[in-house]
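Peer 1: Chain by chain, the residues run as shown.
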Amino acid sequence: DAGVTQSPTHLIKTRGQQVTLRCSPKSGHDTVSWYQQALGQGPQFIFQYYEEEERQRGNFPDRFSGHQFPNYSSELNVNALLLGDSALYLCASSLGTAMNTEAFFGQGTRLTVV
Amino acid sequence: AQKVTQAQTEISVVEKEDVTLDCVYETRDTTYYLFWYKQPPSGELVFLIRRNSFDEQNEISGRYSWNFQKSTSSFNFTITASQVVDSAVYFCALSEARDSSYKLIFGSGTRLLVRP
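Going line by line, the protein sequences match chains A and B. The numbering of the first sequence is my numbering, which starts it at 1 and goes up by one. The numbering of the second sequence is my numbering, which starts it at 115 and goes up by one.
So here's chain A without its partners, still in its complex pose (with noise of 0.2 Å):
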């Protein structure tokens, strides 16, 4: 049973460029959020897709978005890149959206900024 999956691994893009970050959640996991790690700091949560709809949203600019597909797989967007969205991006899948669902954590794709 294949776990949370994320591709790419590692990425490195330059400022202003767009980017595209892909996850795909856990066997029979319905719901995907997603974090933002900086280095030598916790998860921040950027946003939460259940039913292909943005359920919640953390404190993140609009030139972060995301979709989620029929199949419950899920993509990251940002926009006009800053040094400042270097970080690990962190996908996690859970069955539905209650607070005490357990979330599945993917290895996460490494974001440089240059």
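Hint data in this document are derived by calculation from the structure and do not stem from the laboratory. Virtual Cβ for every residue (Gly too), placed ideally from N, Cα, C. You may find that some hints are simply not true.
[Stated by the list, open to error] Taking beta-carbon pairs under 8 Å as the criterion, some of the chain A residues facing chain B (in silico):
| hint | residue |
| --- | --- |
| 1 | F45 |
| 2 | N59 |
| 3 | A80 |
| 4 | G84 |
| 5 | S86 |
| 6 | A87 |
| 7 | L95 |
| 8 | N100 |
| 9 | F105 |
[What the hints assert, rightly or not] In silico negatives: residues of chain A with every beta carbon more than 10 Å from chain B:
| hint | residue |
| --- | --- |
| 10 | I12 |
| 11 | G16 |
| 12 | Q17 |
| 13 | R63 |
| 14 | L82 |
| 15 | R110 |
Got chain A sorted already, so can you dock chain B onto it with the hints?
Peer 2: Relative to the frame of chain A, chain B by itself:
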């Protein structure tokens, strides 16, 4: 506002020592969940435990134990007889529910180094 504080940035112990990782949280919610995750160098967050706000029973799982005290808003994690494989960054997290959705609020993490 919801907040999780892990005051210990880094802890270094010698193998077989016991070590306690502290976690203090702030919330106005009466129903909430607390979590501990382990992050090895590979980057993936590994779930360790979930505890709801109505269950203050301490829990033990092998060498791991957790002490939840609502009176002090703390949810501390103890590793008994630490091993080198326990070296990782450990995060405490609090769930915040809004409009039938939830998010995890993480502390800044404690890096544990277990030396042989």
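Peer 1: Holds or violated: the hint that N100/A contacts chain B, with Cβ atoms closer than 8 Å.
Peer 2: 5 Å, holds
Peer 1: Using Cβ atoms only, decide whether A80/A comes closer than 8 Å to chain B, and label the hint accordingly.
Peer 2: Since chain B brings no Cβ nearer than about 25 Å to A80/A, farther than 8 Å, the hint is violated.
Peer 1: Under the criterion of a CB-CB separation shorter than 8 Å, is L95/A in contact with chain B as hinted?
Peer 2: With Cβ-Cβ at 13 Å, over 8 Å, it is violated.
Peer 1: Was Q17/A rightly flagged as not at the interface, with every chain B Cβ beyond 10 Å?
Peer 2: The claim holds: Q17/A sits with its nearest Cβ about 23 Å from chain B, beyond 10 Å.
Peer 1: For the hint on F45/A, just tell me whether its beta-carbon gets within less than 8 Å of chain B.
Peer 2: 4 Å, holds
Peer 1: Does the interface hint hold: is A87/A within less than 8 Å of chain B, judged Cβ to Cβ?
Peer 2: For A87/A, the interface hint is violated, since the closest Cβ of chain B sits about 11 Å away, which is over 8 Å.
Peer 1: May I ask you to check that G16/A keeps its beta-carbon over 10 Å from the closest beta-carbon of chain B?
Peer 2: For G16/A, whose nearest Cβ neighbour in chain B is about 26 Å away, the distance exceeds 10 Å, so it holds.
Peer 1: Going by Cβ atoms only, is G84/A closer than 8 Å to chain B?
Peer 2: Hint on G84/A: violated, closest Cβ of chain B at ~17 Å, above 8 Å.
Peer 1: For L82/A, is the shortest CB-to-CB distance to chain B above 10 Å, so the non-interface label stands?
Peer 2: Holds, because the least Cβ-Cβ distance between L82/A and chain B comes to about 22 Å, which exceeds 10 Å.
Peer 1: Hint check: is the beta carbon of F105/A less than 8 Å from a beta carbon of chain B?
Peer 2: With a minimum Cβ separation of about 4 Å from chain B (threshold 8 Å), the hint on F105/A holds.
Peer 1: Non-interface claim for I12/A: all C-beta distances to chain B beyond 10 Å?
Peer 2: Consistent with the label, I12/A stays out of reach of chain B, its closest Cβ about 17 Å off (over 10 Å).
Peer 1: Please check whether the beta-carbon of R63/A is more than 10 Å away from every beta-carbon in chain B.
Peer 2: At about 19 Å from chain B, R63/A clears the 10 Å cut-off, so the statement holds.
Going through the hint list in order, the structure does not satisfy hints 2, 3, 4, 5, 6, 7 and 15.
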